[in-house]
Each structure stands twice: as C-alpha cells, then as structure tokens.
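S.K.: Residue numbers (the numbering used here), protein chains in the order written: chain L, 15 to 238; chain Y, 15 to 238.
Hint data in this document are derived by calculation from the structure and do not stem from the laboratory. One or more of the hints may lead you astray.
Which copy? The list can't say, so a pair holds if one copy fits it or any two copies do.
Computed list of lysine-lysine pairs in BS3-like fashion (alpha-carbon distance at most 25 Å, straight line) [as the list claims (entries may be wrong)]: (1) Lys65 - Lys26; (2) Lys84 - Lys26; (3) Lys101 - Lys65; (4) Lys218 - Lys36.
If you're wondering where the values come from, they're calculated on a predicted model, not measured in any experiment.
Chain by chain, the residues run as shown.
There are 2 protein chains.
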Amino acid sequence: MKLLIVNSHQEKMSFNAALVEKSLSVLKELGHEIKLSDLYAMKFDPVAGRKDFPELGETDYINYMLEQQKASASGAFSQDIKTEQEKLKWADTVIIHFPIWWFSVPAILKGWFDRVFAAGITWDFGRIYEQALLRGKRAMLVVTTGGPEEFYSKKGAHGTTIDEVLYTVNHGTLYFCGMDVLPPFVGFSVFQVGEEGRKQYLAKYEERLRNLEKLTPIKYPSMG
Amino acid sequence: MKLLIVNSHQEKMSFNAALVEKSLSVLKELGHEIKLSDLYAMKFDPVAGRKDFPELGETDYINYMLEQQKASASGAFSQDIKTEQEKLKWADTVIIHFPIWWFSVPAILKGWFDRVFAAGITWDFGRIYEQALLRGKRAMLVVTTGGPEEFYSKKGAHGTTIDEVLYTVNHGTLYFCGMDVLPPFVGFSVFQVGEEGRKQYLAKYEERLRNLEKLTPIKYPSMG
Numbered sequence: 015m016k017l018l019i020v021n022s023h024q025e026k027m028s029f030n031a032a033l034v035e036k037s038l039s040v041l042k043e044l045g046h047e048i049k050l051s052d053l054y055a056m057k058f059d060p061v062a063g064r065k066d067f068p069e070l071g072e073t074d075y076i077n078y079m080l081e082q083q084k085a086s087a088s089g090a091f092s093q094d095i096k097t098e099q100e101k102l103k104w105a106d107t108v109i110i111h112f113p114i115w116w117f118s119v120p121a122i123l124k125g126w127f128d129r130v131f132a133a134g135i136t137w138d139f140g141r142i143y144e145q146a147l148l149r150g151k152r153a154m155l156v157v158t159t160g161g162p163e164e165f166y167s168k169k170g171a172h173g174t175t176i177d178e179v180l181y182t183v184n185h186g187t188l189y190f191c192g193m194d195v196l197p198p199f200v201g202f203s204v205f206q207v208g209e210e211g212r213k214q215y216l217a218k219y220e221e222r223l224r225n226l227e228k229l230t231p232i233k234y235p236s237m238g
Numbered sequence: 015m016k017l018l019i020v021n022s023h024q025e026k027m028s029f030n031a032a033l034v035e036k037s038l039s040v041l042k043e044l045g046h047e048i049k050l051s052d053l054y055a056m057k058f059d060p061v062a063g064r065k066d067f068p069e070l071g072e073t074d075y076i077n078y079m080l081e082q083q084k085a086s087a088s089g090a091f092s093q094d095i096k097t098e099q100e101k102l103k104w105a106d107t108v109i110i111h112f113p114i115w116w117f118s119v120p121a122i123l124k125g126w127f128d129r130v131f132a133a134g135i136t137w138d139f140g141r142i143y144e145q146a147l148l149r150g151k152r153a154m155l156v157v158t159t160g161g162p163e164e165f166y167s168k169k170g171a172h173g174t175t176i177d178e179v180l181y182t183v184n185h186g187t188l189y190f191c192g193m194d195v196l197p198p199f200v201g202f203s204v205f206q207v208g209e210e211g212r213k214q215y216l217a218k219y220e221e222r223l224r225n226l227e228k229l230t231p232i233k234y235p236s237m238g
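Based on the provided sequences and hints, a complete structural model is requested.
M.R.: Following this line, the structure appears as structure tokens:
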C-alpha cells in the first residue's frame, strides 16, 4: 500500500503522537510505502484565501470554490497546497489522526481539507460521492476524545453518537470525494483511562493496522 | 442588546458579507450595541498551540485544555485570545456568520472556537451544558450553503439535515457552553439562486433580525 499519514496534534509526547508513531512503525514493518503530513511540524497554514492562487489578478471578488476549479486545470495553486495534493494523488490509503476538539477536527486539519481538497482535484460539479475524483482510494480516521464513551449516545450527555459526530468528515468530506471510508479507530477519554488504558488502545490499534487491508468500508446509502 | 457579530468570510463582496452588513446596519438602527470580530480582516490565527500561553515555561508536554484552564485563573492567554474573550463576556447575544465548507465551519472560525472558547472561560470540568459558564447568553448561526436545500435531508444526496450538520456547533459548542441557541438562519444554494433569490434572503434575514428578541431558543433534551 501507499499510505499518507496525517498528524494534527501539536505535542510530540501526546497520545495522538503515540498513535501516529504506531502507524509509521507498524506500516513500515509491513513493507508499505509511507508519506507523512505532520501539520504542526510543517506549520501548515489552514486559512483559505486569495494567496492560494498565485496567478490570480486584480479583482473585486472571487468565489473560492470556482478559483479552485480554475486552478485545478493549470495547477496554479500555492506550493504548500500542491505538495499536499501530490501526496493525496500518490496515496491509495489515507490515515488521518486527530484529537476531537469541539466535536470536530482541530482548525489546522479543517484548513487542510478546505485548501487541499479542492474542487477539480477531489470532486467537481456533477462529480460528487460515487462519481467523485478520489474513487478507489481508502481513508480512515484515528481519533481521541476527552469525554467518556457513554456520553456519545442518543441518550448520553452529548445526545449523539461518535459516528454522527464524525459524519461530516467521513461522509461529508472523504466519501463526498469518492473515497472508501474505513471504520474510525476511536480512543475514548484517553486522558482519564490511565497508562494501562492507553497501552490497551495502542495494542488494539496495532491490531487494526495489521488488518488494514482486510477491513470493509462503511456502507453508505447510494445518492441515487 | 449587546451583540457580538462574527464574520468568517474573506470576500468583502460576498453574499456572506452582505448578511454581515445587514446584521450591523439593522441592529445599529434598532439601537443595540455592537462589537464585530471580522476574522479575516483581523488576520485571526486559528492554530491552537503553546504560543497561546505566554507564561508557559519549558516543558516536554502540555495538555492544551488543562493549560487553558490554568490560564483562565490568571488571564494568561495571548492578547488576541484575551481580546476575543472580553468581547464574548461583554455580549449577551452572539451572531456567527459563516459559509458552510465541508459541512462545517471554515478553519478560521474553527480556530476561534478552539482558542477563544477555553476551558475555565466558557465551560469547566463538571460544568458543561446547563451548568456551563456562558449561561444567559444567546447565540445564532447565519450560514450559507453551496448545495440546494433538497440535498439536506435523510434521503437526499447528503443523507443528513442542515440541523444535524450544524449540531456540533449549535449543541456541541454553543449549548455545551450554556448558551441559548436560536434557530439558525440558512441561505441555501446562494450561488445558484441568482440576484433575486439573494435579495429575498436578505429581506427574510432583516425580518429575522427585527424579531431577534422574540425568538425562542432550540429546546434540547436535558443532559440529566
């Protein structure tokens, strides 16, 4: 496999970093090819704007999505975006690591989607979901939560499940772009479970990595 | 009312900017006090990190949330965060404008939540939802979509409703912090509806603003 690993955590000694390290070491040991996007280490700029299109002339108004589509024809994106898009094209599997902040991705990762997953590159007008441009590639989220598992249910404190929390990324972004989305790996309450709990999560995650090729993607209803 | 208006769109001639302009002009006309956080104009930095805590010493590891909580006791946040937290404390009503990108907020707004809505300031351990720290304040999202309204249903292309798309912000962030969440104002497919459609949306939004004080918040089940 050709794998792109995305790390969205700033701390080298965090549990997220330990999961990323597990991805890198186990997948390397299994003989796969790996590229890493370590967003904090790269100082990745998450703010979408005019600077993303170096060939843009003077104009009163742009529609960011239409500029993406124009740029996709000529490759006229800023270099940091192009570098990430190349990795995305190269990979057949993308593993995205992040801590859940406010029931969503950290801003640095949101900006990676906003800027890199451009119209014309990952999807296009009339080409979304099953018709989108990243068909044949697989993606998997590896996430951690602060709150305990029992909070994540319809009747729990959060009033929603972890699958619903991740829906806008799994379905709304990855599947929207045509990717096969593998079930997420979730470490609940990693701050509270203690050293032993975190070791168990790492062991469980290693097992997940060793079975990556056999995993069945989430089956979403066809958009028809 | 004391209103904080948040603008998360980069283009001055966008429809989002027109909605923000409507907020400013109508609410001013009605005699309310207004502060504006124009995130792009302010060059707001959305990336959470160690720099957010100027008094932080040398250390191998920080937990961002715990550092927020520590900083909240002494006010030891970076100046850009403090400025926004002051506005939040001052306001009794917060109106947050953004275009929906990837079924979520743009990165610049996500980072505003990540950094400004700190533990110890908007919520605390054991103080979430009905017990959180922003009780008594109201919030409302004003959003635009690219896709048409019919895509946003359980059986539509997106397989989800706009209320579910906004749940992680409305419930998971604003209500989590104790705010009363007003129904969102949604402009669907604002790119496709044409000049006339956009004018209708602006008129409808003006009506919404003139009735802001009478609006009933979304009723969420109690976390018990």
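S.K.: Could you run down the list of hints and mark each one as holding or not?
M.R.: Hint check:
no.: 1; hint: Lys65 - Lys26; verdict: between (30 Å within a copy, 16 Å between copies)
no.: 2; hint: Lys84 - Lys26; verdict: between (38 Å within a copy, 21 Å between copies)
no.: 3; hint: Lys101 - Lys65; verdict: within (21 Å within a copy, 29 Å between copies)
no.: 4; hint: Lys218 - Lys36; verdict: within (11 Å within a copy, 52 Å between copies)
Of the hints listed earlier, there is not a single one the structure fails to meet.
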